[in-house]
Amino acid sequence: MYYFDPHIHMVSRTTDDYEQLAKMGCVGVSEPAFWAGFDRGSVDSFRDYFRQLTDFEKRRAQQYGIRHFTWLCINAKEAENVHLSRDVIAMIPEFLDQPTVLGIGEIGLNKNTPNESIIFLEHVDLAVQHDQSILIHTPHLEDKFQGTMMILDMLCDDSRLDRNRVLVDHVEEHTVRHVIEEGFWAGMTLYPVSKCTPQRAVDIIEMYGPDRLLVNSAGDWGPSKPTAVPDFILEMRRRGHSESLIRRIVYDNPIEFFSPSRNFQFQAPDALEEIIRT
Amino acid sequence: MTAKRLAPTGRREGRSMLATPMAAQAVLDREFLELRAKLLELAASFDRLDRGGGISPDDRRLQLVRLGLKVLLDETGDRAEQIQLIFSRPYDDDWQKEFGLMPPTSEPAPVQE
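Protein chains in written order, with the numbering used here: chain A, 14 to 291; chain B, 1059 to 1171.
For reference, chain A alone in the conformation it holds in the complex (with noise of 0.2 Å):
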């Protein structure tokens, strides 16, 4: 079976992984910008990782087979420098006209604080003024619930947000709910011992049904999985669910949410096959 990725940092991985995750089915990955492992010091930093995420990233993806698309921003992780922030927020415009750049992303909350609240509202402005899809982060275990609650409040705060273009990533049991209802997608990452599993992603599908649900490795360069969306499709199977809702969970669903990106151009490999013969 075909799928997609969603969220995964593939910078941190090796081309190993990439040729790994094409024998596993997977024909296009997104990844959103992250946090390096260390605080960047300059706003240069950042330009040369997103020619990284935007350029090379792109070539090495596509040896395999996989489309590489990619979203920009500077994680919460970083936001507390609230001065540099601006001066990437400044500077990812230049970028977002490059062809593989779905939107601003991950951006979020880490220790739910008041700059990096901030921080999340004017990458949120960003996105608006440049009629950008998001991509959102949740905080970590005991965090997550009230940082995914106030990243709520920000989003329903603002009018001006085409829910069906926000993505709210990293949801468990406590807080899928509260994302759904309020009609944004929501991502599960299957993580070990700190995110969901594959069998708890089942889980919540079966609790709430395969809209506006994506499911991912957010595979990076701590303890991760890359190949969990695979992982997550073999619980499927082996629980009796049918292919074709395996196939929108892991496929059209990715599709569906990437599908307003104006640099979203995706040619399906059954219809290259298509064209092929013909």
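If you are wondering where the hints come from, they were derived from the structure by calculation, not from laboratory data. Please read all numbers here as calculations on a predicted model, not as lab measurements. Any given hint could be a false lead.
What the hints assert, rightly or not - These stretches of chain A come out as covered by chain B in the derived footprint (C-beta under 8 Å, 3 or more residues):
id	segment
1	83–90
2	147–157
3	213–219
Where a beta carbon is used, it is the ideal one built from N, C-alpha and C, also for glycine.
We have chain A; now place chain B onto it with these hints.
Quick look at chain B alone, frame taken from chain A:
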């Protein structure tokens, strides 16, 4: 500003939007050994804590674990959501006022240096 969402009550009957979740008997057949293994892991962790001299009853983390264990024995649904909420910081829907944040059309909030 929009009306705030209410915090969840954490008490809803187990439900399914899909018509075909696995039957309970099939779930138990498949997961019995896994459940047994998880219980053993918990038991061994508690034994390890005891052998190490025990933990003060005032330790917040262990109090949370004990609350979580009570939820497991609950006969109502949504145990996973309840346990998530036990391990979550509380949400105060007045947070924007406390932070001095205004709706998007207002002046930007002062930065905290």
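Hints and how they fare:
1. 83–90: violated (count 0)
2. 147–157: It holds, with 4 qualifying residues against the three required.
3. 213–219: holds (count 4)
Of the numbered hints stated above, the single one contradicted by the structure is hint 1.
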